[in-house]
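Colleague: Chain by chain, the residues run as shown.
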Amino acid sequence: MQTFTKKRIAIVIEQPALNRVLEKLDQLAVTGYTVYPVIAGRGREGSWRADGMVSDAGRMVSVVCVCDPAKVDTIVEPIFKIVSRQVGIITISDCEVIRPDHF
Amino acid sequence: MSGFDLAIANLLSPMVLFFALGLGASLARSDLSVPEAVAKFLALYLMMAIGFKGGVAVARSGIDARLLGVMLAGILLSAVIPLIGFTLLRLSTRLSVVDAAAVSAHYGSISIVTFVAATQTLITLDLPFEGYLVAVAAVMETPAILTALVLARRAAGGPERRQGEPQDFGSLIREIGLNGSVVMLLGSFVIGWITGDRGMKAVEPFVGQLFFGMICLFLLDMGLIAGRGMREGLKALSWPAIAFGLYMPLISAALAALACLALGLSAGGTALMITLAASASYIAVPAAMRLALPEAKPSIYLTLSLGVTFPFNLALGIPFYVWLATLIKG
Numbered sequence: 001m002q003t004f005t006k007k008r009i010a011i012v013i014e015q016p017a018l019n020r021v022l023e024k025l026d027q028l029a030v031t032g033y034t035v036y037p038v039i040a041g042r043g044r045e046g047s048w049r050a051d052g053m054v055s056d057a058g059r060m061v062s063v064v065c066v067c068d069p070a071k072v073d074t075i076v077e078p079i080f081k082i083v084s085r086q087v088g089i090i091t092i093s094d095c096e097v098i099r100p101d102h103f
Numbered sequence: 001m002s003g004f005d006l007a008i009a010n011l012l013s014p015m016v017l018f019f020a021l022g023l024g025a026s027l028a029r030s031d032l033s034v035p036e037a038v039a040k041f042l043a044l045y046l047m048m049a050i051g052f053k054g055g056v057a058v059a060r061s062g063i064d065a066r067l068l069g070v071m072l073a074g075i076l077l078s079a080v081i082p083l084i085g086f087t088l089l090r091l092s093t094r095l096s097v098v099d100a101a102a103v104s105a106h107y108g109s110i111s112i113v114t115f116v117a118a119t120q121t122l123i124t125l126d127l128p129f130e131g132y133l134v135a136v137a138a139v140m141e142t143p144a145i146l147t148a149l150v151l152a153r154r155a156a157g158g159p160e161r162r163q164g165e166p167q168d169f170g171s172l173i174r175e176i177g178l179n180g181s182v183v184m185l186l187g188s189f190v191i192g193w194i195t196g197d198r199g200m201k202a203v204e205p206f207v208g209q210l211f212f213g214m215i216c217l218f219l220l221d222m223g224l225i226a227g228r229g230m231r232e233g234l235k236a237l238s239w240p241a242i243a244f245g246l247y248m249p250l251i252s253a254a255l256a257a258l259a260c261l262a263l264g265l266s267a268g269g270t271a272l273m274i275t276l277a278a279s280a281s282y283i284a285v286p287a288a289m290r291l292a293l294p295e296a297k298p299s300i301y302l303t304l305s306l307g308v309t310f311p312f313n314l315a316l317g318i319p320f321y322v323w324l325a326t327l328i329k330g
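Those protein sequence lines, which keep their order, are chains A and B.
First residue of the first sequence? That's 1 in the numbering used here, and the numbers climb one at a time after it.
First residue of the second sequence? That's 1 in the numbering used here, and the numbers climb one at a time after it.
In short, the hints are calculated from the structure, not lab data.
In this text, all values refer to a predicted model and were calculated from it rather than measured experimentally.
It is possible that some hints are incorrect.
[Stated by the list, open to error] What follows is a list of derived Cβ distance ranges for each label pair:
#, chain 1, residue 1, chain 2, residue 2, range
1, A, Thr31, B, Trp239, 50 to 60 Å
2, B, Pro128, A, Thr31, 38 to 48 Å
3, A, Arg42, B, Ala37, 36 to 46 Å
4, B, Leu178, A, Thr31, 21 to 31 Å
5, B, Lys235, A, Lys81, 25 to 35 Å
6, A, Phe80, B, Asp64, 45 to 55 Å
7, A, Ile92, B, Arg174, 29 to 39 Å
Every residue, glycine too, gets a C-beta built ideally from N, C-alpha and C.
Let the hints inform the model, and build the full structure from the sequences given.
Modeller: Right under this line is the structure:
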């Protein structure tokens, strides 16, 4: 089966800032994204777990979108402006897709 | 009932004992836990039940002319307490400006669970209180956040000197004001007010008979969370900061007691107003702080609010506030 190389942008962000990230992705006309719940982790700000919090503060979520390599900078730069003040990670990796016109 | 008897009765109530069970289990590293979805349901249920019952109480008694005055006093207390808290923190601890502002916002805002625990104490003591205080609780959530934002921005020397996306103040206010817990509390209050006794009859088993058991389960979870916070977060706090978590509620309580002298509330209402001022938020404000002051460290403000002040208020603060209210209104 023929596959095509695209970029996979994964954003791990604090739950309270999720809407800001999604609104920005909508404005950027990203063709799609998926939000995943995450369970627990540890980073520079210490450890956290989803069921150990009384509110959304301290919970994290993961947003994944796949895009054409030429669009990476136009997506990552404005997203980084949001994530840079929060607890979060952005990673960019190569991925293979079957329907290139979808991204 | 003397202050001592009140304290003992409070310590031996199912609410406090369930909280202690959660706290003890967490500190002993038991695997007891409340799933995230259940904890979210309990928080929603609590907001719905307390808001609805407050609304029904207002439908029964009608709007008291004192309501506006009490609301105004609540807003002022919420806005002023962070100024005092911020000053004390900057004088007595080495917390940064942003951390001191974030912590002070928590102490100006309110804890709805502490409020609920205080209402249950009043019901046990057969002390009536004004139903509209639920609405006062809701309006006391956000002014403290605004004061803290102003403090942090003034101290930083300007509105935006940080890296990252400039914040639109209007959208920030919308995000904070539309916090789910505030919407649920105020929305349920309005629904209770509109539907009155007819509405109460329809939902009574859910918000009435089940209420106390649900609070006990919620407090078990709060105990587990507080215990985890104590285990992991107390190391990040200095002794002056921990002391702040114990004396700040008393300063806020004294301020509220002074305000209540002029408000004409009942003894029960005064106890609740004092409790609201003395409580520290751990639901609405932490979420707001992650958006408004993300540089502030949650390990400081959440541990102080949830791991120090909440247990203090639940075990010792509430009986003291009830005693103080009966003293000045008795």
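Colleague: Now tell me if each hint is right for this structure.
Modeller: Hint check results:
1. Thr31/A to Trp239/B: 50 to 60 Å: holds (54 Å)
2. Pro128/B to Thr31/A: 38 to 48 Å: violated (60 Å)
3. Arg42/A to Ala37/B: 36 to 46 Å: Because 23 Å falls outside the window, the suggested range is violated.
4. Leu178/B to Thr31/A: 21 to 31 Å: holds (29 Å)
5. Lys235/B to Lys81/A: 25 to 35 Å: For Lys235/B and Lys81/A the Cβ distance comes to about 33 Å; the hint holds.
6. Phe80/A to Asp64/B: 45 to 55 Å: holds (52 Å)
7. Ile92/A to Arg174/B: 29 to 39 Å: holds (31 Å)
Hint check: violations occur at hints 2 and 3; the rest are consistent with the structure.
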